[in-house]
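These protein sequences, in sequence, are chains G and P. First residue of the first sequence: 0, per numbering that gives the first Met the number 0; consecutive thereafter. First residue of the second sequence: 0, per numbering that gives the first Met the number 0; consecutive thereafter.
What the hints contain is simulated information worked out from the structure, not anything from laboratory work. Glycine is no exception: its CB is placed at the ideal position from the N, C-alpha and C atoms. Careful: at least some of the hints might be erroneous.
A short, non-exhaustive set of chain P residues, derived as facing chain G with CB atoms under 10 Å [unchecked claim]: (1) Ala46; (2) Ala52; (3) Leu55; (4) Tyr84; (5) Ser98; (6) Tyr100.
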Amino acid sequence: MIGREREAGFVGKTTVLIRKDMRVESRGRETLLPMMMFAFTVTLLLAFTLPGGPIGGQAMRLPMGTLPASDVLAGFLWVTVLFAGLIGAARTFEVEREDGALEALLLVPMDRSGLFIAKALVNLTYVVALQLVLVPTFSLLFDLSLARHMGSILAVVALVDIGFVIVATTFAALAARTRSRELLLPILSLPALVPIFIAAVELTSAIFAGEPTGAVAGTGWFGVLIAFDVIFGIASTITFEFVLD
Amino acid sequence: MIELRGLTVAFGRTVAVNDLTLDIDQGVCGVFGQNGSGKSTLLRCVAGLLRPARGLIAIDGDPVNLSDEAFRRQVGFAGHEPGLYRRLTVMENLRLFGSLYGVGATRIDEVVANLDLARFSDTRVEALSAGTRRRAAVARALLHEPRILLLDEPYANVDEDAAELISSAVRPWRSNGRVALIATHGAKKVKAFANAGLILRDGRSVMHGRYDRPDTADASR
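Chain G extracted, bound-state conformation:
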């Protein structure tokens, strides 16, 4: 064969796909920008709506009763991440759908799990970039002292993000070749994401309330997150081939 060179392996091809997605995003800015805009708008609205000042142990009076402020803020933080993340996830295969590149990619001789890992890592990059802006902004606006709990918050964010992108990427692939994909993605993924976001809110609330790291780590919610990530990670990697077909 003319010009045939040593074919890249699994890691090489996966890296090529990640670089491609990053290059496309750097030129189009069609994924990260709307995610950021959504998160910024929600945070700004919350800053005007919720009372300011230190919230450790504080209670918030809401129409349905009094709630610890840490619960309310943890809920708002993760709801913002969830919906901003879904905006990004909905675009996971859009670059492939444009001009039929998805079919060209489906014919490439590579393990489909490489495509899944590439897409999941790209989505993870977007969600992490979002949180690099969102979490410090939340911390500033609502006077959360997160510096003392940096380890706990990083662990929670990492575990939730991994589980989130695994589920979102899998269902984005499932919806990619359907006409009603924008509708299908949230319908399919939101029920699957409920356990992980409940765990996220419970753990983050404890951190916001200033509970010591040991107490946060001792809750069963960390176990839920780890189990979710491992089970969905393995299942998605194995089944991605069939999901795309």
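The hints should help you fit chain P onto chain G, whose structure is shown.
The following block gives chain P in isolation, referenced to the frame of chain G:
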């Protein structure tokens, strides 16, 4: 080489390919027919991108299976859409698919030169004219020198000079145990170098035969 046995594809109540049975030997085969005759559907089925409702497609006796990496390696497909990333340049697209197929820079340069794409190497696909985009799509499909080359309307929006470039690039598929199926309305362009032709009407074969062996040409259905 390609065997179709009772191939039937339906989209809802519309039958696109209807109980098609034929053998396609090595070489370039033109697939002709009016709009809606089943040309594109046939090519997508052979590529494994579409599952038939009934029937079998086999390559050298092995059923077409998109899950099979070895099968995917043999296929080059350019459909109605170019199958390129519009925000990447022509060269970035070819290098991307080159990396995924293990194709080196020499072959990429050769394909670019053969299809006269050098001037557009650094142009993003979204900025290309429809005809140049078509040529880039053909370049992408034949980059890895697939055994089975499937081109759907490669001459659409392409001027005479560019059409000749495409025909020249496909000519090597006339021999060496490879097959190229070219679905087109431009029968004249393909007949000029094809080994065989297939005419479809309403999803059925009305004529299938070889130009290089006129005595075997017959109406198969």
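Hints, one by one, checked against the model:
With 10 Å as the threshold, the beta carbon of Ala46/P comes within range of chain G, its nearest partner Cβ sitting at about 7 Å, so the hint holds. Given hint, Ala52/P at the interface with chain G, is violated; its Cβ is 16 Å from that chain's nearest Cβ, farther than 10 Å. Taking 10 Å as the C-beta contact cut-off toward chain G, the hint placing Leu55/P at the interface is violated, the least distance being around 18 Å. A hinted interface residue such as Tyr84/P counts as satisfied when its beta carbon comes closer than 10 Å to some beta carbon of chain G; here the least separation is about 5 Å, so the hint holds.
The closest approach between the C-beta of Ser98/P and any C-beta of chain G is roughly 5 Å, which is under the 10 Å cut-off, so the hint is satisfied. Satisfaction of the interface hint for Tyr100/P is found here, the shortest Cβ-Cβ separation to chain G being roughly 7 Å, below the 10 Å cut-off.
Checked against the numbered hints given earlier, the structure breaks hints 2 and 3 and satisfies all the rest.
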